[in-house]
Amino acid sequence: MTRSFAYWLLGASLFLGLSGCSVPTANLPTGSDAGEPQAELDPTVLRLLYSRTPTTLNPHLANGFQDFEASRIVYEPLATYDPDGELVPVLAAEIPTAENGGLAQDRRSVTWRLRSDVRWSDGEPFTAADVVFTYEFIRNPEVAAVTAEYYDAIAKVEALDQQRIKITFKQPNPSWALPFTGQNGLIIPEHRFADYKGLNAREAPTNLQPVGTGPYRFITVADGRWIFAPNEQYWGTSPDFKLVELQGGIPPYVAAKRVLKTGEADFAHNIQLEVDERRELLAAGQGDVITTYGAYVERIMLNPTDPNQETETGEKSSRAHPHPFLSDLKVRQAIAYAIDRDAIATQLYGRAGRTTSQLLVAPTKYTVDTNFYPYNPDQANTLLDQAGWKDSNNDGIRDKDGTEMKVVFQTSINPVRQKTQEMVKADLKAVGIDVEIRRVLVDSFFSADPAETRSINHFYADMQEYNAGSDSPDPTIYMSWWLCNEIATQENQWQKPNNARYCNPAYDKLWQAAQKEMDEEKRAQLFQQMNQILSQDVAVLPLVRRAVTNGVSDRLSGVDPTPWDASTWDIGTWQRVEESAEAESDP
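With mature numbering (1 follows the signal peptide of the UniProt record, and there is no 0) applied, the sequence shown covers -25 to -1, 1 to 562.
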């Protein structure tokens, strides 16, 4: 299943029996006083707050963003993308190019040269064998790694010597930099996972007691807090903090308050606050909200299939049964015109969101200048009239052939999304479409369980809203979610990402062409055309380009988030801001 659609939780049993080294906890708040303002906090402890609790520290078995964020503290890729989308080496000694001989002219293979000064946190040397093993682990179908799709194009990975690995692709590959980069490319140690590379992968002790190459090493879990300390084997500059404490399960507003108002913590991940809440907390002057725009888009999916009609095998939302009116392009276009996206972005997101009518919003070379379907209720009414949907009985709801335009609009329980639902409901009511609002628990909505019928991939509703996007500057994986052969169905246990049930052979041809096009400008044009087709077909209704908004204390420096990796990608450079002598002497 595509990682962005694999948001489910593991039970608390994952943590039972977890053992680890002892760690000083005198300066860490306990469960009883965690919510109380602390009179004095140890400045050598870095405190991180997340809305969800990590379930594993194996990134390739991650169950959501929180697992990648925590894993990135200890694990590293060969390279990653900086905030500008440029590849920078991490465990690699350099970025492969045609000039240095690393990248084959035909893009059929790439050779990475590794740093020679890297050791795992347990002292074992890091070598090319670890990279080869990571590939074999990810690609083993018994492992069911959530990162597997980033390695689909590979024919083989081989160690040329201890410091060089060669990747050979199945065909010339313009996306040669996808494997082993960013949070989907974190390298795991062969000597720790060698006996856990099949069906037993999730039983590996190292999943919860990781051994990495990053700036910090894992210590233990105490009172629901994941504790890390400096990695004495780290190849880079020693990190600034003596301990890192990561706590999950903190509601966004509470986390933001602890960082921006009470000063109890240093970093709060992706605090999706309402405009008034943000203004209130920033007024305290204890920190700021760092806004990072990447490729994530809050969108409404319009179901072109009938969620109420079943096939012979009991499948709903099947392409065998088109939707009574959302299968009509004019109706989908009318809905797009009827929704005031500017109002949603301004009133609900503020600095954390920008109106968009495109699905692919970054990098800019893939975007198009057209503003599709600007707010125009008059045009919406005209299109609905043309489609034959009129209010024949004057009850305020359009109808046709005995069917009324009533839709069920589902999304996860979230204050901003509930307000979005209400605004959309009012907009659609104004053009004669009745909306029933359905709110689903987060874990059910993003579940990968085939039995969970309230999930986004089952899509047993007429409309649904969620946020997704590309986590790489190369949109290959992201744009594959709309291919005909990626439709979520009963046959594939609803594990494929195309929950829109969208299928357009013209789109598929463009995507396939982009996989072979080596000219960057021509390739960008292909993605632009794909982007345009999705908007014109209203395969999805983009609402807001969403930013990741992290709360950062004024006592913390060096935080430089990139949209193409976890927020903790550069945690080794984060530092405590010391109060000046002048400030300390002020009354």
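Careful, some of the hints might be misleading.
Calculated cross-link-like contacts (lysine-lysine; reagent style BS3-like; alpha-carbon spacing at most 27 Å) [said to hold, decoys possible]:
id, residue 1, residue 2
1, Lys291, Lys471
2, Lys491, Lys340
3, Lys471, Lys131
Hint data in this document are derived by calculation from the structure and do not stem from the laboratory.
Legend entry - Pair hint outcome, Lys471 versus Lys131 [Cα-Cα no greater than 27 Å]: Holds, at about 25 Å.
Inset, instruction - Verify the proposed pairing of Lys491 with Lys340, using a straight-line Cα cut of 27 Å. - result: holds (18 Å)
Inset, instruction - Verify the proposed pairing of Lys291 with Lys471, using a straight-line Cα cut of 27 Å. - result: holds (16 Å)
Hint violations for this structure: none, all hints satisfied.
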